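Engineer: Each chain is listed here by its residues.
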Amino acid sequence: MRRAPSHSYPGLNLGEDHASAHKFTEVVTFGFWVFLMSDLVYFGLMFAIYITMIDAQAGGPGPHELFDLKSIFAQTLILLTSSLTVGLAMLALKYNLPRGRIVLWFGVTLILGLSFLVLEIRDFMAMAEKGGIPQRSGFLSAFYGLVPLHGLHVAAGCLWLVVLGIQLRVMGLTDLIMSRVVRLALFWHFLDLIWIGIITIVYFGGLSYG
Amino acid sequence: MDRRTELHRRERRRYVIGYGGSLLLTLAVFSIAYIYGIQRPGVFFSIGLLGLVQLVVQLVYFLHIDRRRSSREDLDLILFSTLVLLIIIGGTVWILGNLAMRMHMHAM
Amino acid sequence: MTSADPGFLGRLSWDAFPVAGLIQNPSTNEIVANAAAAIVLVGAVSVIGLLSWFRLWGPLWRDWLTSVDHKKIGIMYIVFAIVMLARGVLEGVVMRAQQAAGPGEGFLEPEHFAELFSTHGTIMIFFVAVPFVFGIANFVVPLMIGARDVAFPRLNQISLGLTVSAGMMLMVSLVVGRFSTGGWTAYPPYTGAAFNPGVGPDYWIWAIVVSGVGTTLTGINFAVTIYKLRAPGMKFMRLPMYCWTIICSSILIIFAMPPLGVAALLLAADRYLDFHFFTNDLGGNMMNYANLFWLFGHPEVYLLVLPAYGIYSEIFATFSAKRLYGYNSLVIATMSIAVLSFTVWLHHFFTMGQSALINAVFGIATMLIAIPTGVKVYDWMATLWRGRIRFSVPMLYGLAFLMLFVIGGLSGVILANPTVDYQVHNTLFLVAHFHNVLLPGVLFGLLAAYNYWFPKAFGFRLNEGWGRVTVALWTVGFMLTFMPLYFVGLMGMPRRSYSWEDPSFHPFMIVAVLGALVILCALLSVLVQLWVSIRDREKTRVLVGDPWDGRTLEWSIPAPPPPYNFAIIPQVTDRDDFAARKQRGEAYPTPQSYEDIEMPRNTGIGFILCVSSGVWMFALVWWIWWLAILMTVMMLLAVIVWSFDTSTEIIIPAEEVRKDHEAWLDQVHSAQAVDRDYEASTENQGLARPDLEAVT
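As you go down the protein sequences, you meet chains W, L and U in turn. With my numbering applied, the first sequence corresponds to residues 303 to 512, in that order. With my numbering applied, the second sequence corresponds to residues 808 to 915, in that order. With my numbering applied, the third sequence corresponds to residues 4 to 699, in that order.
Extracted from the complex, chain W is given alone in its bound form (with noise of 0.2 Å):
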């Protein structure tokens, strides 16, 4: 069915402990690069209409009155620890680590990315008790198309933890269930990535020219 790679996937991979499992997480990685990437032109699509709106406010309140930077850091710094700690899940299965070590690895990923999901909807309702509500204004409207569309892959992303960990459990250590420990690390950092975007340009950006 599927074809001998002609050399071993770059980046992100279960080495030679697990070859069969390498071979299909080859093809299915790669698709799902494919797909991030898709999903990486909504988001610098949703970025491109935020700086389009940043001046649309309609005299509704704007950055300066909305944005709390300190909370802004607490989220960063805990979504960057979960981009380590899904590593770390990713490097205790690659080396046939006890699997109670994934399994540990995943809850503090969980817990890490729920408590960054309660912050952030912590922002909102201190933004709407300031009427930054998106029915306010464009420039309101174009930063809740964006903000929660990073928080609902969040959201997935814990969602599918869950999932994987139960299947853990469950199924056991296949190729299956190692090539989706791959995909979801993938998913996981390509998250950081675009919070590091969402930082830049909807939070600085906006105080900076908003």
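Don't read these hints as lab results, they were simulated from the structure. Wrong hints could be hidden among the right ones.
Said to hold, decoys possible - Far from chain U, some chain W residues (derived; all Cβ distances over 12 Å):
1) Ala358
2) Phe426
3) His452
What the hints assert, rightly or not - A few chain U residues that face chain L, going by a derived Cβ cut-off under 7 Å, partial list only:
4) Gln357
5) Ser358
6) Ile361
Only a predicted model underlies this, so the values are computations on that prediction, with no experimental measurement involved. Note that beta-carbon positions come from the ideal geometry of N, C-alpha and C, so glycine has one too.
Got chain W; can you put chains L and U on it based on the hints?
Structural biologist: Just chains L and U now, kept in the frame of chain W:
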């Protein structure tokens, strides 16, 4: 077994370096904003630059993208996507910015 | 929420059905609307009735709906596309009839006419062209690259399910409620909640979003398939031209569908949640929408036409019995078009008000695309030159394409000049232009592909005589319908007008409606050809599998191919590998040994997602929130539960493969090889006698 432990240690170090680097860059960005104030000229430029550096750090240390032959196809994919994104975002900002200017849409 | 508290059925009520309108106000307009609804209902009921009468539900479910075989999925895409094509053509005829009625005359209400051009455009682009293009690609690509299936067979089934459920929304909109009147582009603020509070734009939005997801997944699937699953030895520069165009087209999908998704979803946010992306008030900017839509819209045109270029490349080479001329330049031209197509979107809104500099930049970029396209036209002509040409049906489509498409392309270069565009923008000149590239370009290509690969799919050829009649009808019908529109366009007739006053338009409109009737005959002729071919199938069997002296790998296997396509994965040594093998006399080697083949197992996930996404869309359109939430949860659960399924593969034992393959080899050895001169006769059993002289 020894070689594998060694490899494991090396890979783990990679992640930790990436994490440390990203942490430093994040701290730098927020300190610059805190110390100089966000609206001073040049501040946003340096924040943007540091953001770009952090993207590269994470791509290299977390996602293992480099110029080795084996990661060439991922790199090609990322570069092509970047090209398309630049065209799309740059074009959009150019067109809409021009329209906004010509129509005096926003009080500057 | 823009409405008061909706009840159990949301805003769905008796008034949503067209019969209600007929009872209140019996007019020609209402009769046409009810007839359309009746056709949908009668069609649905008769399909269900026939399936039950012949007890076909079981086989339909086992062999088709749950199948993950790329060949069957391709065929289902094409059937779906032809059903939708029938509706699109009928709508076109009704519109032409309305406009031909004379100054200030006509039998349709403006709203109804607007619905017609909106559904016509939406259907033809998203539910005819896209599924037809990827139906052909589904069937052909894995066979051409020597693979057993696409990279993600189950995802492929899901893509089909989503495309079909979105298409069904357009059918449902005929029976329940009204479709959008905002054109296939659905520009706000007209389609925003303030001006269009009804369900029309919502039907459009959700059909576009869901089919967009399906198409994106298809694009990813084919990019990865061609990138990763080529047979050993098939380097990129040995890839058949058609596969090159599909990989470029997939790349266009991957990067160009997201802008459409963003545009439609932000419009949905405006309509459902009172956001202000494109509204008139509170900082909304409708120009953002035009920009987003055409960021998608322009690459879309090329993602449709590139595969057609690929089809013509294969057909010209095969029916001239020559290697494709200028392969390298064709590859470079294809890739240039793919990249350039991301740099020209502004030419769809030259008149929006941006500076002359910006217009000039995008105008020049647009004209640049004519260069690689011109390279292709010359390459095709050079392929024909001194070839041993057979005027079979696909070749006739190809020749009609060469002549007519150049006219369409040139009118495109005229439109690329912003100063000219200001004059003819939004006139029928534009309508004539894009039909001139989409019919001879895309549709003729797809029909040629249908005639070309049909014997591979079903093991018998299509009727040549009716095929030729069909080509003639399409060509004449196209010219009669659309050439007059160039003239009235230059005379200033705006597009999308349900009525007009200038009597000098009248003669042209009458010619156009006659042309539309010829096109209707062409459509019927496609069906007659299929009927006659099925009736006479015993006379045109080509079970050996190579009726046209083909050059690429798909012709080296039985027709119809076995589920696993290749008993032994071929080792590729040449660009036209099968042609080279035939020349060396090694076309049908007897394998030393056979291996077990692992194939994906059938699954119902695509069907489940098809139905649940369909109900989900309907619930969203009619504000039946509880149902929308239920369906969201159901789709999530279906995917999660499905991800626990591990028995996704079946094994076809080596012994079975050997038995089938040897039976076929016996057929090959006992068949009589035919010369190209007898290709269309009953002697053609699918074994070609290579024409050594003509092979250059």
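Engineer: Next, verify each hint and record whether it holds.
Structural biologist: Each hint, compared with the structure:
no.: 1; hint: Ala358; in the structure: violated (3 Å)
no.: 2; hint: Phe426; in the structure: holds (14 Å)
no.: 3; hint: His452; in the structure: holds (14 Å)
no.: 4; hint: Gln357; in the structure: holds (5 Å)
no.: 5; hint: Ser358; in the structure: holds (5 Å)
no.: 6; hint: Ile361; in the structure: holds (6 Å)
The structure shown violates just one earlier hint, number 1.
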